[in-house]
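Participant: Given chain W, put chain R in place with the hints provided.
Sequence order for the protein chains is W and R.
The first sequence begins at 799 in this note's numbering and counts up by one.
The second sequence begins at 799 in this note's numbering and counts up by one.
Rather than coming from a laboratory, the hints here were simulated on the basis of the structure.
Be aware that a few hints might be false.
Copies of one chain are not kept apart here, so a pair can be met inside one copy or by any two copies together.
Derived lysine-lysine pairs resembling DSS-like cross-links, with alpha carbons at most 25 Å apart [said to hold, decoys possible]: (1) Lys-818 / Lys-800; (2) Lys-818 / Lys-844; (3) Lys-803 / Lys-839; (4) Lys-818 / Lys-861; (5) Lys-818 / Lys-839.
There are 2 protein chains.
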Amino acid sequence: MKIAKIHITLKEGVLDPQGKAVQGSLHSLGFPSVEDVRVGKYIEIKLAEEDNAEKQVEDMCNKLLANPVVENYSYTIEEVVTQ
Amino acid sequence: MKIAKIHITLKEGVLDPQGKAVQGSLHSLGFPSVEDVRVGKYIEIKLAEEDNAEKQVEDMCNKLLANPVVENYSYTIEEVVTQ
Numbered sequence: 799m800k801i802a803k804i805h806i807t808l809k810e811g812v813l814d815p816q817g818k819a820v821q822g823s824l825h826s827l828g829f830p831s832v833e834d835v836r837v838g839k840y841i842e843i844k845l846a847e848e849d850n851a852e853k854q855v856e857d858m859c860n861k862l863l864a865n866p867v868v869e870n871y872s873y874t875i876e877e878v879v880t881q
Numbered sequence: 799m800k801i802a803k804i805h806i807t808l809k810e811g812v813l814d815p816q817g818k819a820v821q822g823s824l825h826s827l828g829f830p831s832v833e834d835v836r837v838g839k840y841i842e843i844k845l846a847e848e849d850n851a852e853k854q855v856e857d858m859c860n861k862l863l864a865n866p867v868v869e870n871y872s873y874t875i876e877e878v879v880t881q
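Next comes chain W alone, as it looks inside the complex (with noise of 0.2 Å):
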């Protein structure tokens, strides 16, 4: 079994309401060093055995789970050594 590690961001540039947001809160909170705060997704995904499962989650992202105009997505793939 292989565990796809994915991480989707807003590319550089793009308005992050939901980071501004988190940051105004954090600064009422009592966080005042706070300078900027942007939120993306974490997305681990289990795959059975397979060959090419870069070529898998590659597809994926492009697909469905990243924009590819807002978004940029990077990811790593884990074997799972099960004993």
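Facilitator: Showing chain R alone in chain W's frame:
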């Protein structure tokens, strides 16, 4: 300046309806090898230079960013060197 990279994930055993929805969509799109999907959050916070960044980030997670009842969090803090 420091950047805190925070991962927030649902605890094991907590139902993830969003993940199940993504899994269903991936199956429909022709990815039958997907066995499980968990969706979490990935947050990047820029912090002004502070000594106690770790303590601060932990406080932020406990007070606002994560729900400790159903979510786990982990973080790394990186120093940003500008030249």
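Participant: Each hint needs a verdict: does it hold in this structure or not?
Facilitator: Verification of the hints:
In this assembly of identical chains, Lys-818 and Lys-800 lie within 25 Å of each other by CA distance solely across copies; the values are 18 Å between and 35 Å within a copy. In this assembly of identical chains, the alpha carbons of Lys-818 and Lys-844 lie at most 25 Å apart only when taken from different copies (12 Å versus 32 Å within one copy). Proximity of Lys-803 and Lys-839 under a CA criterion of 25 Å is satisfied in both settings, with 11 Å inside one chain copy and 12 Å between copies. In the homo-oligomer, the alpha carbons of Lys-818 and Lys-861 lie at most 25 Å apart only across protomers (17 Å), although the nearest pairing inside one protomer, at 28 Å, exceeds that limit.
Proximity of Lys-818 and Lys-839 under a CA criterion of 25 Å is satisfied in both settings, with 16 Å inside one chain copy and 15 Å between copies.
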